[in-house]
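Participant: For reference, the chains in residue letters:
Protein chains: 2
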Amino acid sequence: MTTEDDNTRHAAKMGKIKAARDRMMATKTAEKGLIIVHTGAGKGKSSAAFGMIFRCIAHGMRCGVVQFIKGGMSTGERDLITERFGDICAFHTMGEGFTWETQDKTRDTQLAKAAWEKAKELILDPENRMVLLDEINIALRYGYLDIAEVTDFLATRKPPLTHVVLTGRNAKPELIEIADLVTEMELVKHPFRAGVKAQKGVEF
Amino acid sequence: MTTEDDNTRHAAKMGKIKAARDRMMATKTAEKGLIIVHTGAGKGKSSAAFGMIFRCIAHGMRCGVVQFIKGGMSTGERDLITERFGDICAFHTMGEGFTWETQDKTRDTQLAKAAWEKAKELILDPENRMVLLDEINIALRYGYLDIAEVTDFLATRKPPLTHVVLTGRNAKPELIEIADLVTEMELVKHPFRAGVKAQKGVEF
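Residue numbers (this note's numbering), protein chains in the order written: chain D, 1 to 204; chain W, 205 to 408.
If you're looking for bench data, these hints aren't it; they were derived computationally from the structure.
Just so you know, even glycine gets a beta-carbon here, dropped at the ideal spot from N, CA and C.
Among the hints, a few may not be true.
Unchecked claim - Here are the simulated SDA-like pairs of lysine to any residue, each with C-alpha atoms no more than 25 Å apart in a straight line: (1) W:Lys404 - D:Arg9; (2) D:Lys16 - W:Asp356; (3) W:Lys393 - D:Ile17; (4) D:Lys118 - D:Lys172; (5) D:Lys32 - D:Tyr142; (6) D:Lys197 - W:Arg311; (7) D:Lys32 - W:Arg225; (8) D:Lys189 - W:Asp356.
Said to hold, decoys possible - Covered by chain W, per the in silico footprint, the following chain D stretches (three or more residues, Cβ under 8 Å): (9) 6-18; (10) 47-58; (11) 78-84; (12) 110-117; (13) 182-188.
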């Protein structure tokens, strides 16, 4: 096959893909504030949410972050947002550490409830276009927060155009049910298995 | 069960998890520049990579981005990085658009090869601690780049402490094989199915 033939075939194939894509996209006209869930045992749940927060910042859209469990996003990320973009993105760290570090359910529950109050406040503020509830799934899993309260609030009180992103492993089925966009980060290969430690820039 | 009993049980359970985690982490001592792959049909591949780039920026680590296909990361993200963090993060957009937009294999191949040259230059620069090759998997899938050339370079020429992140659907098995950390973003639910259009802050 000559290069020219190959080019012609490629152009025809790509033309078909483009036409199909254009037809598909033409039917997508609604604008809607989404309930977005990042779950699964793989990496990237908080990083991808953090990437979306930066995407909002890049567009000049007001947004907010509540960290339910310290360590989901690193303190480096928090410092960068609060120091450079504090005018457009509110940042609240409510958890005091991973649950296996604290070992105190009463205190963890109090902290999770305080974080949820802050989350509701940010979501109800019509100026905010996206609110990230980082690692809230951990608080839900351990029963620090009531799943029905969270899903009821999101389903009935969230302003129609506000996006809410919820991260953490083991997302509750009730949350998946009301979500618009759910991604499961699946672990295919992890360097811890080869004795490599957590590293700056990658894990924190 | 009283609250006190519940707290005691919880503390014991969390104590066991912490001890197991501490033992596991103590064996992870190696520092290594990782080959990281984000693939799969779900969302978050580029966002999570972009989140890691911002994590590096937050730590003051020099880094670089090469976009193989325009549209993987939005122009908003590019502008934010180049305008605010251009001193610490190099940003190069080499693709001219999605392959189904251009429909010109010869030109796409030239652009992909130019992007790969820039990628090698950034990776070989020992000042860079992380280099993101955004949507390179698309260029590899369409044969614009030779997979053996890419894997050979990463396996033999990448400085030992430099992290390289490669994103895009349909990662080649040869790339998965040499990677240290692979996450498959799996699509669980997507709002396009409900007629919702791509929205600022979420998709771009």
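Participant: Measure nothing beyond the straight line between the CA atoms of Lys197 of chain D and Arg311 of chain W; if it is 25 Å or shorter, mark the hint as holding.
Facilitator: Status violated; Cα separation ~42 Å.
Participant: So if I understand the rule, the pair passes when the alpha-carbon distance is 25 Å or less; does Lys404 of chain W with Arg9 of chain D pass?
Facilitator: With Cα atoms ~34 Å apart, Lys404 of chain W and Arg9 of chain D exceed 25 Å; violated.
Participant: Do three or more residues of the segment 6-18 of chain D come closer than 8 Å to chain W, measuring C-beta to C-beta?
Facilitator: Answer holds; 8 residues pass the 8 Å Cβ test.
Participant: Taking beta carbons only, do three or more residues of the segment 110-117 of chain D come closer than 8 Å to chain W?
Facilitator: violated (count 0)
Participant: Count residues of the segment 47-58 of chain D with a Cβ under 8 Å from any Cβ of chain W, then say if the count reaches three.
Facilitator: holds (count 11)
Participant: With the threshold set at 25 Å, check whether the alpha-carbon distance from Lys393 of chain W to Ile17 of chain D stays at or below it.
Facilitator: With Cα atoms ~22 Å apart, Lys393 of chain W and Ile17 of chain D stay inside 25 Å; holds.
Participant: Under the criterion that the straight-line Cα-Cα distance not exceed 25 Å, is the pair Lys16 of chain D, Asp356 of chain W satisfied?
Facilitator: Cα-Cα ~34 Å, so violated.
Participant: Compare the distance between the alpha carbons of Lys118 of chain D and Lys172 of chain D with 25 Å, and conclude whether the hinted pair is satisfied.
Facilitator: Roughly 21 Å separates the two Cα atoms, so the pair holds.
Participant: Are Lys32 of chain D and Tyr142 of chain D close enough, with their CA atoms no more than 25 Å apart?
Facilitator: The given pair, whose Cα atoms are some 31 Å apart, is violated under the 25 Å limit.
Participant: In terms of beta carbon proximity below 8 Å, does the segment 78-84 of chain D have 3 or more residues touching chain W?
Facilitator: Three-residue rule met by the segment 78-84 of chain D, so holds; n is 3.
Participant: Are the Cα positions of Lys32 of chain D and Arg225 of chain W separated by 25 Å at most?
Facilitator: At roughly 41 Å apart (the allowed maximum being 25 Å), Arg225 of chain W and Lys32 of chain D break the hint.
Participant: So is the segment 182-188 of chain D in contact with chain W by the C-beta rule, three or more residues under 8 Å, or is the coverage claim wrong?
Facilitator: holds (count 7)
The structure fails to meet hints 1, 2, 5, 6, 7 and 12 from the earlier list, while all remaining hints are met.
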